[in-house]
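Here the sequence shown stands for residues 3 to 271, numbered as in the numbering used here.
Among these hints, one or two may not hold up.
[Said to hold, decoys possible] Subject to a maximum C-alpha distance of 27 Å in a straight line, what follows is the list of computed DSSO-like cross-link-like pairs (lysine-lysine):
#, residue 1, residue 2
1, Lys99, Lys81
2, Lys110, Lys247
3, Lys81, Lys251
4, Lys181, Lys218
5, Lys81, Lys110
6, Lys251, Lys181
7, Lys256, Lys110
8, Lys247, Lys99
9, Lys110, Lys218
10, Lys81, Lys218
11, Lys181, Lys169
FYI, nobody ran anything at the bench for these hints, they're computed from the structure.
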Amino acid sequence: MASNMTLITDGASHYCEKARWALERAGVAYIETKHVVLLHMLFTRGLGAGTSCPKLVMGRSSERVVLQESPDILRFADKNIRNEEDRLYPDDPELQKLVQAWEWRFDKQLGPHVRRWSYCYLLFDLCSYNLLTQGAPLLERIFAWFLMPFLRRIVYSALYCNKPGAKERSLQVVEAIFKEVDELLADGRPYICGRRFTAADVTFAALGGPMVAPPKYGAWMPVIEDCPRDMASTMNGLRKSLAGKHILKIYDTKRHKPQETERGTCRVG
3 MASNMTLITD
13 GASHYCEKAR
23 WALERAGVAY
33 IETKHVVLLH
43 MLFTRGLGAG
53 TSCPKLVMGR
63 SSERVVLQES
73 PDILRFADKN
83 IRNEEDRLYP
93 DDPELQKLVQ
103 AWEWRFDKQL
113 GPHVRRWSYC
123 YLLFDLCSYN
133 LLTQGAPLLE
143 RIFAWFLMPF
153 LRRIVYSALY
163 CNKPGAKERS
173 LQVVEAIFKE
183 VDELLADGRP
193 YICGRRFTAA
203 DVTFAALGGP
213 MVAPPKYGAW
223 MPVIEDCPRD
233 MASTMNGLRK
243 SLAGKHILKI
253 YDTKRHKPQE
263 TERGTCRVG
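Given only the sequences and the hints, what does the whole structure look like? Please build it.
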């Protein structure tokens, strides 16, 4: 039976990876439609709250409900997990408050600067076509092939990559947040908020993933060896940090469903 949920994404987005991870982890059946960066706006326009991705569209016509942001999609997905200890948002009010504070911080500060720093290097690299069009329908990819010079310039400007010192300032923000996570993990805790895997870990791993290129990352990115030299050097350095190792470990051990949902009847469509 076809799913009545559609996740609208652009393939390169780390926010879309965050939403995708949560839905798959919870065993929620959905169909993903990936689009070329910028062209995705043709498919999100009219769905409310801007044209950004991801958007999770549920139902049809007058009964349609649209979840607009990755945190909303995470909370929706989490409700499909029966065992409280497997959920990304704990029932304990104080712990939940801490988890949400870190999630907000990563969403609002880490995510935008990771994106800007990465695109400063990659938008005019040979890999940019594959990066911006990954998973999109053939017609969109053909259209994007002819529009690439235009698409590159628009994205570069929209993300303020063209501002003097943008790349350096974004890296400073990213490194400062990685250092904060280093300090949290230095006491031996397995996860950001203590001994429990939460939305803080998913958000940090998904949004910080492009800085360390986990092998199991849910979107295509060039391997470190194929990145520009300065970019690769920074990524290799961050991989050695506690925060970078945490992302790699989380992707290696947690980018799947918990045991409880593996036994359930929901399947990813």
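Status of the hints after comparison with the structure:
no.	hint	verdict
1	Lys99 to Lys81	holds (17 Å)
2	Lys110 to Lys247	holds (22 Å)
3	Lys81 to Lys251	holds (25 Å)
4	Lys181 to Lys218	holds (23 Å)
5	Lys81 to Lys110	holds (24 Å)
6	Lys251 to Lys181	holds (17 Å)
7	Lys256 to Lys110	holds (23 Å)
8	Lys247 to Lys99	holds (25 Å)
9	Lys110 to Lys218	holds (24 Å)
10	Lys81 to Lys218	holds (25 Å)
11	Lys181 to Lys169	holds (18 Å)
In this structure, every one of the numbered hints holds.
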